[in-house]
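Residue numbers (my numbering), protein chains in the order written: chain A, 1 to 211; chain B, 1 to 205.
Derived from the structure by calculation, the hints contain no laboratory data. Source: prediction; values computed, not measured. Even for Gly, the Cβ is constructed at its ideal location relative to N, Cα and C. Errors might be hidden in some of the hints.
[As the list claims (entries may be wrong)] Okay, the calculated bits of chain A under chain B, using three or more residues with CB under 8 Å as the criterion:
#1 91 to 102
#2 145 to 157
#3 178 to 186
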Amino acid sequence: MKTNAQTSVSICKQTLLAGLWRENPVFRLLLGMCPTLAVTAAVKPALTMGLCVIFVLLCSNIVVSLMRHLLKPHLRILMFTLTIATFVTIADLFLQAYFPTMSETLGPYVPLIIVNCIIICRAEACASKNGLAVSIIDALSMGAGFTLALCILASIREILSTGALWEIKIMPDIFTPWTAMRMPVGAFITLGLLLALVNAITVRKPKSAAQ
Amino acid sequence: MSKIKLFIRQSWLLIVSSFFFGLLLAIADAAWTPRIRHNKSEKLNTLMSALLADAEGFQLAAHLRIDSPYAKTIETDIYKAIADAGQTVGWAFNASGFGFADKIEIVVAVDKDFTKITGFDVLSSNETPGFGDRIKSPYYRNQFAGVPADLLRLKRTGDPQTIDSDIIAITGATISSQAVVSIINSTLPSVKTQMRQKELIDNEN
């Protein structure tokens, strides 16, 4: 009994850490690239997108985990999509009602969360195989990992393209804004460099551990 | 009979959850739609008030359909701008058309006789940041304040300070600049004609 509890705790711990680094959806699994590239021109929209994804991921993981024993294998993707679409629409309506400017900035990218691979991947890989607790932790950890990655990318791009962070000016006056960073090219370059950095760190880690 | 049984056994979860999720969406929609509508009309009101400074309130005057050569039929709402004393100080209407990246929705304000445009503003657009989205910049928008309410022309070079029917394009965003001019050109004359037919404005002008 005790070992059972211990293993479940360690599973929870592992799941919690997986999303943040080991299986970070953006940097390690390269999932959900569409919002990663599209809404990271500034930190505010990136954070909003991250929170929306956390909400949808949490709700869809809970629902999928609860109905996991009832799912028919050939109908499961249909069920996942139905669940995800419902919560995305709710999130979209909520943004339109309470944050109209943000909803305009994010434009079509909120409805596009429906086809975000992270959510369907977590439903398939985790929630449809695990209990409620693990699914909830998984959703929070993956969502946090996604949000964190988006915010890192967005901070770099916002500082370089406008000289400000969270719309507060932080760069000296002599700094010339790099307008290219606001455009898709800036997203691709920043993401590429960040992926290279993450790869460099993960390649170095096992070596130092071996020594 | 067994086929129906099989069908139900396979799909009952899908059917039940469709109803459940549908109900969830209906609740969310019912709860937030009034707020969303309110947000939209608030934004339109703010933009119209900025364009027609003398106006104290706006009243929906007409709903027109315009056959545009650039797009399908454009539907537009005409708002009458009313000052404190109750007299009409101008008109505003919304119009839309295709920009460089996506649909551009604008609101155009004209004076009370439909002789001059007092300005326009962007309700929604998705133009390229740094280039096309400069249709929202004062450089471009100020060129429309006070031009005759007639057909406009887009020019590549010229003096943007001169207020006449020649609108000077934004460098690097000719398509977006042309889009706004086209939207106004395709709607304003028809709105004017239809307003005269409805005798909402005087026929002399």
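Going down the list of hints, with the structure as the test:
1. 91 to 102: holds (count 6)
2. 145 to 157: As far as the stretch 145 to 157 of chain A goes, the hint is violated, because 0 residues have Cβ atoms under 8 Å from chain B.
3. 178 to 186: With 3 residues in contact (Cβ-Cβ under 8 Å with chain B), the coverage given for the stretch 178 to 186 of chain A holds.
When the structure is compared with the earlier hints, a violation turns up for hint 2 alone.
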